[in-house]
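Chains as they are written, first to last, in our numbering: chain A, 1 to 341; chain B, 342 to 650.
Hints in this document: simulated from the structure, not taken from any laboratory.
Glycine included, every Cβ here is placed at the ideal spot set by N, Cα and C.
Any given hint could be a false lead.
Over 10 Å on every C-beta distance to chain B, these chain A residues come out as not near it, computed from the model [unchecked claim]:
# : residue
1 : E46
2 : N57
3 : A59
4 : E158
5 : E159
6 : D249
7 : E252
8 : T296
Restricting the straight-line Cα-Cα distance to at most 20 Å, the calculated cross-link-like pairs of lysine-lysine (PhoX-like) are [claimed, not checked]:
#  : chain 1 : residue 1 : chain 2 : residue 2
9  : B       : K532      : A       : K147
10 : B       : K464      : A       : K226
11 : A       : K226      : A       : K255
12 : A       : K198      : A       : K255
13 : A       : K147      : A       : K118
14 : A       : K118      : A       : K36
15 : A       : K16       : A       : K67
16 : A       : K230      : B       : K464
17 : B       : K512      : B       : K552
18 : B       : K532      : B       : K543
19 : B       : K464      : A       : K185
20 : B       : K464      : A       : K193
Computed footprint of chain A on chain B, listed as stretches where at least three residues anywhere in the stretch have a Cβ under 8 Å from a Cβ of chain A [what the hints assert, rightly or not]:
#  : region
21 : 459-467
22 : 473-486
23 : 520-534
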Amino acid sequence: MAEGKKTTILVERGKKLNKEGEKIMTSPEECEALRKAFSGPHGVEEKSMLEILGKCNPADLTTFRKKCPYIFSEDECGFEKWDSLHMKFFEKEFLRFQRAVIQWTMHPWERDALLVRKSLEEEPPLYNLLIELACTRTSDEFLGARKAFQCLYNESVEEFVAVRVEGFQRRLLVALVSTYRYEGKQVNEAVIKLECQKLGKAIKINENNEIEEDDEVLRILTTRSKHYLKTIHKRYEEAYGSNLEEDLDDIEILKDTVNCLCAPPIYFSEILDTAMSARPTEHEKEALTRVIVTRTDVDMKDIAEEFNRKYGAPLIERIEAAARGNYRDFLVTLVKRGLAN
Amino acid sequence: MATNSVTEDCEQLRKAFAGWGTNEGLIISILAHRSSAQIKLIRETYAQTYGEDLLKDLDKELSSDFERVVVLWALDPAERDAFLANEATKRWTSSNQVLVEIACTRTSHQLLLAKQAYHARFKRSLEEDVAHHTSGDFRKLLVPLVSTYRYEGEEVNMTLAKSEAKILHEKISEKAYNHEDVIRILSTRSKAQINATLNYYKNEFGNDINKDLKTDPKDEFLAILRATVKCLTRPEKYFEKVLRLAINKRGTDEGALTRVVTTRAEIDMKIIKEEYHKRNSVTLDHAIGKDTTGDYEKMLLALVGHGDA
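So here's chain B without its partners, still in its complex pose (with noise of 0.2 Å):
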């Protein structure tokens, strides 16, 4: 991997610009390889050195799918996390599960940074975007989840684990999805009591909470209730199956492909594409070569391939 200077790389960067057409596959090579600090550095020194935001100049140069991976690539993880959800309240459909993604798979501090960027940004709040955008019972959870600055500790109440347990089989056995207390508890518990909750339900109910939630597939707050559990839980198993969903959809999505790819890099992109290989046969790298081309494609698996080596 290079190991260029600051500098180095803005240069390089203005002269993938320069001229006629574009050196995609320079651009790729440097900020594909760089982490989200480094990218930082460089936008504030490209910045200063020739008076231009980078993204504004990627995106003058760029386009369709290769621009927008690279673009969000380059925001700091924070920004493209409020820029990913504000896109998702205003597309919002009940199907939508960006807002449970954010809400639940990053840390209660990166899900902080990315509503302060959401203020500087949108001169709003997320909270009152997602509650504007959305209605009745998916407000109800959604809110919540965007809200909550999760106790991240490890420790463990197992009697409330079981009493938790107890009431989340009640209310699922009463089709009470959406009962304050089911919500309650999904919202505001730290993730390592909720996992405790969800096995001690597994061990005494006989299924994971999940199977119990699935007894209408069309039902779209169970859909959003289950991605809750699985963001919160496992979200390698969550972003694995967003993963397989949009590259053998006919036509792939390229929305959540991007997505995935740009915000789970840096994170756990490894044990991501583990759990891909394990599931489909095939691994990640090759599902997204046989199913991308061009430019996005090498930028694509450029970043899948990010953290090693």
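Looking at chain A on its own, in the form it has when it is part of the complex (with noise of 0.2 Å):
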């Protein structure tokens, strides 16, 4: 009886048997599901190891292997190894949820104390991610995170800073990390009128190297208020027919911090375009995690309207399309919430 039975399961599953007459308890179907469940981009899909991995039996286990020869290599010694490089990646990739969750339960302060001191001690140093805590928060909530610094590692953000770059990036990043500024949006127009003018001509006439000596550039930049900024950033426009970040292009650092002062949504949804990319660094992946969990109370809904007019796609399709598992759900969860605030 009980033997009849099994036949039928085999039957009913249409489940064959290898080359070796060994019983196969996966479909082909789902041996893909699992390579992908393995292959990230962002994050694994538990879901699918759950139920497929539990059911493989060792010939299972071996066809699987056999299927995805990026991550276990045939090896002279006869079976197929799991390649160090892809171990590396898995493991990285099964913890991105976790880091997410760790990132989004975290106190603003300490998580931006955090990826300051990450931010200059990487190699080679994020100066755009710096750059983007500096300018994306608010002044108080910056000034927290200077605080929480102070307690963490018993030195100024300024003093960490200061010490590690040297020039004219030290005159930049120094001076937004230090800066407390006005958050209203009382502006002098005439003034306005004048430091645009200042503006073009400091960089519409000169090559760079001119423009990182030009003192009134740096004092607009690192001293107005961001509602002041971003009425220049209109009026320059008006005026020059091209945008400041446009003709900031060749400095960097001058256009990440005219981006993450005047139109963050735009900058954001730049590095999420890049992070979702074919072919991101670590660094920028992990610009997936921390802008969704960052943004997602704050400006959710215009970096998502941003990202669908640049990149033709909704946000929540391309991070569906993108990334696995608990890590996939609880990003669109937070983007979901960021949308409906």
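Combine both chains into one complex, guided by the hints.
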């Protein structure tokens, strides 16, 4: 009776036998799903693993290993060995959800303080991350991060940054992390007109190194309020026909500064796109978690709108295509929540 | 010292303004003997009770130096610093040390409160006004000084103290006083760290850094650098000097006198007085008494003795 049942089950599942005559429990579709579950690019598909791996008998696993030559390479030893690079990748991707949870649950001040530290401890340094932190947070949010930084590291952000950069980068980055900008909307139109002319003169006429030496460009970008800078950005485009960040395209840290101060949704949608592109670096990939976690309650609607406009696909759709499992579900939940705000 | 209730204080102040003339003595006897926290309460209660701002009434009723010292005293410390800093940017000259004084003698927290008060009152940041009204090397030093939120811990890294003392000595020897590392060290390091660095500087190179920064007495940037060092390391000596120069000056510099007395009365006036007596063989009270008169003098003396009794 039991024998007949087993055959029926085998027939019902349409299971085959492999070359060696061993029973295989998984279908080719399931094998492919499993391969995908292991391959990122962002996160791992835990559900597939749970459902399929549990069914696998040794023959299934051998088939699986042979079907994924870049995860398992056929070794001289006579078995399919886990590729060590892919092993590292796999470990990271398994932890991507964990890291998102940590970032989400962490106090924003601690989170930003850690990111500031990381930005200049990495090799090569991540100036755009530092600029993002200093320029897209409100004055009080970033001040909180500065206080947290002091608690965590027994030194100020200013000291930390100043000693790790020189020249123009120092002048810009130290000013950006030190300044405590006015957050109101009051602006003086006459002053804006004058300073717009100063910027135009400095940027349109000069070579890059001269723009870097121009005290007025630095002063305006590092001390004026965000509302003021957004207004000047508009006036500049009206006056000169091109926009500030285009004209500063050659000086990346200035371009990033302008983007982060004047149009964060544009900046964020760009780094989201890069994170989900074909070959991002690990740091570029991490931006996916960071942007969603830090902007969901701030300007997710604007970011999603800009993303859709610029890249022709809704943000959620791109995330669903690029991310897997719990990580994907977590990001999508946060984005949806941001859109509903 | 009288311990009136806040309501009584308000009534008395209101009475002081009533009728012809003003009862300056009454104003002094109340305000000079209240802490900034108590004065804040008085202002709030006064506004609730009479619908008017005490400061505006003081401004209406009083005049000249006496008015300035009373009004400055009645402001809360953050508002006071914001007001003085704003004034300093508008009247900025390269000999003006007020910005350095405020940026370097306040604690990080006090400076932050001043910047918040500045936003509220002037609808701009202190940084943007300082940057806008200064230029060249002065801007390169002053903007970082007013922007920084220094670490306030007492820990000192001796290896760093040595290396940074060497850097300072090197740049000063090369007369590169505006070098970005000089500015970096003075504007970002904690006060404890700077003290350690400058102690090492003196032990290793023989001179106080300020002596080495005195190569050209007419150089105003060097003067500001020296003031920066002094404010960061020995504020009581810095203030003693400001007071001494203000009093000895032909005609007295009431602006400086008022500023130092009102901003330090609740902080370190006792130490400043000791320093003054050490340096000048007369007490500060005596010097003020000789050099000023009337209600202005009375208010100054009351404030200078504020912490005593």
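Claimed coverage, the region 459-467 of chain B by chain A - three or more beta carbons nearer than 8 Å: Holds, because 5 residues of the region 459-467 of chain B bring their Cβ atoms closer than 8 Å to Cβ atoms of chain A.
Whether E252 of chain A stays farther than 10 Å from all C-beta atoms of chain B, as the label says: Holds: least Cβ distance 21 Å, greater than 10 Å.
Hinted pair K532 of chain B and K543 of chain B, Cα distance within 20 Å: Satisfied, since the Cα-Cα distance of roughly 16 Å is no more than 20 Å.
Hint consistency between K147 of chain A and K118 of chain A [alpha-carbon to alpha-carbon, up to 20 Å]: Holds, at roughly 16 Å.
Distal placement of T296 of chain A relative to chain B, Cβ over 10 Å: Given a closest Cβ separation of 28 Å, the condition holds.
Hinted pair K532 of chain B and K147 of chain A, Cα distance within 20 Å: 16 Å, holds
Stated coverage of the region 520-534 of chain B by chain A [criterion: 3+ residues, CB within 8 Å]: Our answer is that it holds, as 6 residues pass the Cβ test (under 8 Å) against chain A, meeting three.
Holds or violated: K16 of chain A to K67 of chain A, with C-alpha atoms at most 20 Å apart: 16 Å, holds
Pair hint K464 of chain B and K185 of chain A, alpha-carbon separation not exceeding 20 Å: Between K464 of chain B and K185 of chain A the Cα gap is close to 8 Å, so the pair holds against 20 Å.
Distance restraint between K118 of chain A and K36 of chain A, which requires alpha-carbon spacing of 20 Å or less: Judged against 20 Å, a Cα distance of about 31 Å means the pair is violated.
20 Å limit on alpha-carbon distance, applied to hinted pair K464 of chain B and K226 of chain A: Holds, at roughly 13 Å.
Non-interface claim for N57 of chain A versus chain B (Cβ beyond 10 Å): Holds: least Cβ distance 61 Å, greater than 10 Å.
The structure fails to meet hints 4, 5, 14 from the earlier list, while all remaining hints are met.
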